[in-house]
Amino acid sequence: MDGELNSGIGGVSRREFIQFCTGVAATLGLSPALGVRIAEAATAPGRPPVVWLSAQECTGCTESLLRSTHPTLEHLILEAISLDYNETLQAAAGHQAEAARHASMKANHGSYVLVVDGSIPTKDGGIYCKVANRTMQEHVVEAAAGAAAIIAIGSCASWGGIPSSGPNPTGAVGVQKILTDKTVLNIPGCPPNPYNFLATVLHFITFGKLPELDHKNRPKFAYSRLIHENCERRPHFDAGRFALEFGDEGHRQGWCLYKIGCKGPETYANCPTILFGDVGPGAWPVGTGHPCFGCTEEGVGFTKPIHALAELKTVSPPTAFARIAEDKGQGITPGAAALAAGLGGAAIGAGAVFASRLGKAEQAESGEHADSGNPE
Amino acid sequence: MSAHAHAPVGGRLVTAPFLVLAFLAAIALALLAGRFVYGLGAVTNLNDGYPWGIWVIIDIVIGTAFGCAGYAVSLIVYILNRGEYHPIVRSAVMASLFGYTLAGIAVMFDLGRYWNFYNLFLPWYAQPNSVMWEIALCVAGYITVLWIEFAPTFLERFGLHNAREKLSRVLFIIIALGVLLPTMHQSSLGTAIVILGHKVSPLWQTQFLPLLYLSSAILMGLALVPFESVLSALGLRRQLETGLMGRLNRVILAVGAIFLAVRLGDLLFRGALGHALAGDLQANMFLLESALFIGGLALLARQQARRSARAQFVAAVTLLMAGILFRINSYLVGYEPVNGTWHYFPSVPEMLVTVGIFSIEILLYLVFVKKLPVLAKHA
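So the protein sequences, as listed, match chains E and B. First residue of the first sequence? That's 1 in our numbering, and the numbers climb one at a time after it. First residue of the second sequence? That's 1001 in our numbering, and the numbers climb one at a time after it.
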């Protein structure tokens, strides 16, 4: 497959590309051997068509995808998938763009992937977000009818996100609330980690199905663990070392941010393990010193105040911790000295008494036999 | 198996010493209750600089060295085949039994998270490169071995002659283990200091510590025999065993001479002897410790003195004190935590617990010799 692969991957070297695919397999929690299959699937001639609808969104999800480096977004949309409609990235505009979308949806009916970012307004007939004079609600329902898979990217599309936080003037909801009879795969996050999206898409391309989902339809490989469980500051939590305000001694020492409102203990995401921006350790909110605000979690992000304490799902911190300031110990106290001297004196005194009694006992025995041993 | 008959001493159990010892033990138990409710910090003066205090150094390191009586006498009787010492094996093994069992229990007092203790025995958590792991398993194994080695006493007392016979046939394995295990962990107690590195003064820090700990443990174990013999003779109004002890003292002298040669030779060879004249606490404690070793052995050097019960007793006490000081010095006095100024001196409750543990040891000794056939029957 070498020649095919090289032509398929453009400017990236074969080695780099296989490494990336193995990385995707690892992100998905699959055997590295499956990286080759992912590589084959990603370079196969028949690229799956993707229709990307943007509702009430800020383009943050697309922006974060632009910053992915393995693969780059251009590789994804030019080589791995056929991105037939995306308002940010498409060259076409106006009626031309609408026509292209409808043509693709018709030609690929039943086999294209529908991606939605942004929440869907429902109030007042959903008039608060319209494209081509039709509401988002109508667009989504229409596009979902022929989709092989539906992916809601970002917290807005997953459960409403920031537009749905109180007072929710547009009646914004997530895609699942509109498409109640279909399975919508949710990749929440604000923005979500691009690799969670890419890994999901490549999983779909490789195996022809979506990865395993949890009860909120989030892929388990990314959302099965609490941030708290994989956080590099967790030992500080367990030891009771907390930052109490921004810039204080504990904050500068890199201690746990729970007491300044970190929502890591109630937020499910893989941020601490795959990080952001491909720049190495520490590149995620808690790593930079800011509490997690729970962007992936419905009812936490954009709902709870940032300073509010997280509701702990597992271990609560004990009410009393070991002291942080080390006790250097105290020297000898009068009581201890007296006792030690008393014990020493008693031992020496007892020894002397025994030694003197021994002299008498010996004299008494010397007349008889001094030896009571029993040699064989 | 044994040509020597043993018999219970008999007599009243509840005596004045018994009550005093029980009172001291009760104080210790009350303080330990406080330790288990409020934690180590509430009872002891331990800190991060001195994580090991007298509960480890005295109760365990010194307690097990006292407990080497059974080991040392078994070594002489069974390995060096000197049967004349056989009458004292049983009481020596009993001294070991108490020393080790109480040391094993005392570990639990000192462990901050004692409820995790059982993990030590799970093979999948074993770390065979750890000195602490080796000591812990060896001590635990040796406690078991000692109870089996001592079991004939119970079996004889309760007339289970059949079981006694069966046990006799396999007892040699247990006795062999009983000689092997202390050899391993007593030297490891020295290794535990070696790994403390430069935190320990050059007066004590040496690669020879495993050998020094092993030989001084044998020395203390042997010295405990005449000490205990004299005390039980006076306390329980029995005949003195001066003749047998006189010969044992020749062995003590030989072991002590080896220890002292290695100890002083090593100090000379490393050029560390100059520290002894520094005039500080460490130097003075070293001088005191060395004076006790040399004094105790010098007392036994004269044949005349070896025949005198009083000289034997004084020498035994001196050597025991020397061994105790060597252990306290190498673990506590000669030890300085690296970062910052740390202090440690045992608190009053800490000392009372140690006193209580040794009281329990003597209490059990009194109960056992009075009720069980431990001491040799006299003609």
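Simulated from the structure, these hints should not be mistaken for lab results. Keep in mind that a hint or two might mislead.
Stated by the list, open to error - Derived DSS-like pairs: lysine-lysine, alpha-carbon spacing no greater than 27 angstroms straight-line: (1) E:Lys328 x B:Lys1199; (2) E:Lys360 x B:Lys1377; (3) B:Lys1370 x E:Lys360; (4) B:Lys1377 x B:Lys1166.
Bear in mind the structure is a predicted one, so any value in this text is a computation, not a measurement.
Structure-based check of all given hints:
1. E:Lys328 x B:Lys1199: Distance of about 16 angstroms is within 27 angstroms: holds.
2. E:Lys360 x B:Lys1377: Judged against 27 angstroms, a Cα distance of about 23 angstroms means the pair holds.
3. B:Lys1370 x E:Lys360: holds, 25 angstroms
4. B:Lys1377 x B:Lys1166: holds, 24 angstroms
Hint check: no violations occur; every hint is consistent with the structure.
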